[in-house]
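2 protein chains.
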Amino acid sequence: MEQVSMEATNPNPSSMSGVAAASAAELLCCANARALLDSVDAFLFDCDGVIWKGDKLIDGVPQTLDMLRSKGKKLVFVTNNSTKSRIQYANKFQSLGLSVNQDEIFSSSFAAAMYLKVNQFPPHKKEDAEKRAQWKSNCLFEHDKYVGAVVVGLDPDINYYKLQYATLCIRENPGCLFIATNRDSVGHMTDLQEWPGAGCMVAAVCGSTEQEPIVVGKPSTFMMDFLLQKFNVSTSRMCMVGDRLDTDILFGQNAGCKTLLVLSGVTTQSTLDDPSNSIKPDYYTNKVSDILSLLGE
Amino acid sequence: MEQVSMEATNPNPSSMSGVAAASAAELLCCANARALLDSVDAFLFDCDGVIWKGDKLIDGVPQTLDMLRSKGKKLVFVTNNSTKSRIQYANKFQSLGLSVNQDEIFSSSFAAAMYLKVNQFPPHKKEDAEKRAQWKSNCLFEHDKYVGAVVVGLDPDINYYKLQYATLCIRENPGCLFIATNRDSVGHMTDLQEWPGAGCMVAAVCGSTEQEPIVVGKPSTFMMDFLLQKFNVSTSRMCMVGDRLDTDILFGQNAGCKTLLVLSGVTTQSTLDDPSNSIKPDYYTNKVSDILSLLGE
Numbered sequence: 196m197e198q199v200s201m202e203a204t205n206p207n208p209s210s211m212s213g214v215a216a217a218s219a220a221e222l223l224c225c226a227n228a229r230a231l232l233d234s235v236d237a238f239l240f241d242c243d244g245v246i247w248k249g250d251k252l253i254d255g256v257p258q259t260l261d262m263l264r265s266k267g268k269k270l271v272f273v274t275n276n277s278t279k280s281r282i283q284y285a286n287k288f289q290s291l292g293l294s295v296n297q298d299e300i301f302s303s304s305f306a307a308a309m310y311l312k313v314n315q316f317p318p319h320k321k322e323d324a325e326k327r328a329q330w331k332s333n334c335l336f337e338h339d340k341y342v343g344a345v346v347v348g349l350d351p352d353i354n355y356y357k358l359q360y361a362t363l364c365i366r367e368n369p370g371c372l373f374i375a376t377n378r379d380s381v382g383h384m385t386d387l388q389e390w391p392g393a394g395c396m397v398a399a400v401c402g403s404t405e406q407e408p409i410v411v412g413k414p415s416t417f418m419m420d421f422l423l424q425k426f427n428v429s430t431s432r433m434c435m436v437g438d439r440l441d442t443d444i445l446f447g448q449n450a451g452c453k454t455l456l457v458l459s460g461v462t463t464q465s466t467l468d469d470p471s472n473s474i475k476p477d478y479y480t481n482k483v484s485d486i487l488s489l490l491g492e
Numbered sequence: 196m197e198q199v200s201m202e203a204t205n206p207n208p209s210s211m212s213g214v215a216a217a218s219a220a221e222l223l224c225c226a227n228a229r230a231l232l233d234s235v236d237a238f239l240f241d242c243d244g245v246i247w248k249g250d251k252l253i254d255g256v257p258q259t260l261d262m263l264r265s266k267g268k269k270l271v272f273v274t275n276n277s278t279k280s281r282i283q284y285a286n287k288f289q290s291l292g293l294s295v296n297q298d299e300i301f302s303s304s305f306a307a308a309m310y311l312k313v314n315q316f317p318p319h320k321k322e323d324a325e326k327r328a329q330w331k332s333n334c335l336f337e338h339d340k341y342v343g344a345v346v347v348g349l350d351p352d353i354n355y356y357k358l359q360y361a362t363l364c365i366r367e368n369p370g371c372l373f374i375a376t377n378r379d380s381v382g383h384m385t386d387l388q389e390w391p392g393a394g395c396m397v398a399a400v401c402g403s404t405e406q407e408p409i410v411v412g413k414p415s416t417f418m419m420d421f422l423l424q425k426f427n428v429s430t431s432r433m434c435m436v437g438d439r440l441d442t443d444i445l446f447g448q449n450a451g452c453k454t455l456l457v458l459s460g461v462t463t464q465s466t467l468d469d470p471s472n473s474i475k476p477d478y479y480t481n482k483v484s485d486i487l488s489l490l491g492e
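Just so you know, the protein sequences line up as chains A and B, in that order.
Quick note on numbering: the first sequence equals residues 196 to 492 in this note's numbering.
Quick note on numbering: the second sequence equals residues 196 to 492 in this note's numbering.
Okay, chain A solo, but in the shape it has when bound (with noise of 0.2 Å):
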């Protein structure tokens, strides 16, 4: 969590809900893996559960990565994940063996920082994971009255102190911003599980508040207008592949892209074909290295 100063006033916070499509999603295969190749100038990846686990690469990325860029494919990588800078993240790809742009990289750490950038905050950030509260008789736990914007992300060192800073912020400072990077429930932090993600801490502050943040991270769009200034596509020729169906697939469907749901991750057959899940990818697959062996390249 992360509180952020500010002397401007607040900014009207804009509407990011989505709307979700329910027709029914197809198992990739030879044929219309290639027509999507043949219909998509983009491909949009999701991070963890798509292209690796913890720090684990996930079997076939780099060959596939490498054959879309040989045909001409740009690639981007939109995740959720809000603990690394962009350049962290370029680092992170790199000791994997990937070679990517940290411009070709969209975190919801950066569609945070962009969305305090356009709306005029400066840059200021405080750091309270070793800070502890304690209840005490005639003792006010005092907090910052020109915080503006409370953002809230994944957070490992979440603790009371920083709970009850960010409620005193959003509770009483007059329109300040209650921001979450994601509302992710569980990810794949490590390689052999899945750990509590964002949507716990952003949780935790809405039932402290009961408010309920602006969501700047998948499957807002938000950053969508980032991505847009920076490649020269048009979203129905995107196609964005990920492993969560409330944040990566409504995602590329609120933007208008074309979606592969990958099995890799979070979301098992089970739960793409349960009745009560009303978001369908276009195209569902094992891992994302099948599109490769599905074209036989």
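In case anyone wonders, no lab produced these hints; they're calculated from the structure.
Check before you lean on any hint, since a few could be wrong.
No copy is singled out in the list; a pair is fine if it fits within one copy or between any two copies.
Derived pair list, reagent style EDC-like, types lysine to aspartate or glutamate, alpha-carbon separation capped at 20 Å [stated by the list, open to error]:
hint, residue 1, residue 2
1, Lys331, Asp386
2, Lys251, Asp261
3, Lys331, Asp352
4, Lys268, Glu492
5, Lys482, Asp261
6, Lys326, Asp352
7, Lys251, Glu407
8, Lys331, Asp250
9, Lys279, Asp386
10, Lys312, Asp298
11, Lys287, Asp261
12, Lys268, Asp236
13, Lys266, Glu492
14, Lys251, Asp468
Note that the structure is a prediction, hence the values are computed from the model and not measured.
Given the coordinates of chain A, work out where chain B should sit on it, guided by the hints.
Chain B only, in chain A's frame:
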């Protein structure tokens, strides 16, 4: 957050949602205060914001309780605060100069214990306040697969270790119960201000598990069965006195009690009067001791 081990199969969680009445609240005055006193045999008091704020007694409380006892009224204390046992609560009353027996105290921690007891859970408990979680490659975060219930209450030691432990138990242990002591968003944990309440921790676990808890504290009337076992008073001759609409007043209404809102805690007159508020107490007043002054005692 506590995880409770069990080997028995899980019981069927009961639904405990309430329906709010919406008639207008009457300001307490001499006439209706007298009528209220005559029609009631037991007063049920919330504690934080009603009897005390943090460690400070609210003005006039001892004299009011003395007067009510002198008229033969039964006094019961029904609190959602889960950080203390009944004995610890009795000691807190004692330290503030109030003579209250532990069997007059019904806390949400007691409710959670009773919920587990009637559902035949053995009394095991884990304590993880000082433990830490780290995202390490090849390292599995292990959890006890026999944990059959996770109880979430107010926890100033909330951390990512506990959140991951609770999340794994609820998501992966077949039939594991998710029990919330209560969902109060904030409370007067100290005299000078409000702090995030159990609703914050409960929401965090809802956020990571995408599940809703069984709530045993107010506004659930689960505690009322135990209260009725102890006191031979019909609920229609009880008055619930509290400072929260969505817990205290709703609890009173759900149980068929009369209800009195005091404005000495988290609820303001404007919140009460707001058109969006559908929970109207029978009566409201500034503080508990108004009963005393209105009756001219």
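**OP:** List in ascending order the numbers of the hints, as given earlier, that are violated by the structure.
**Re:** 7 and 14
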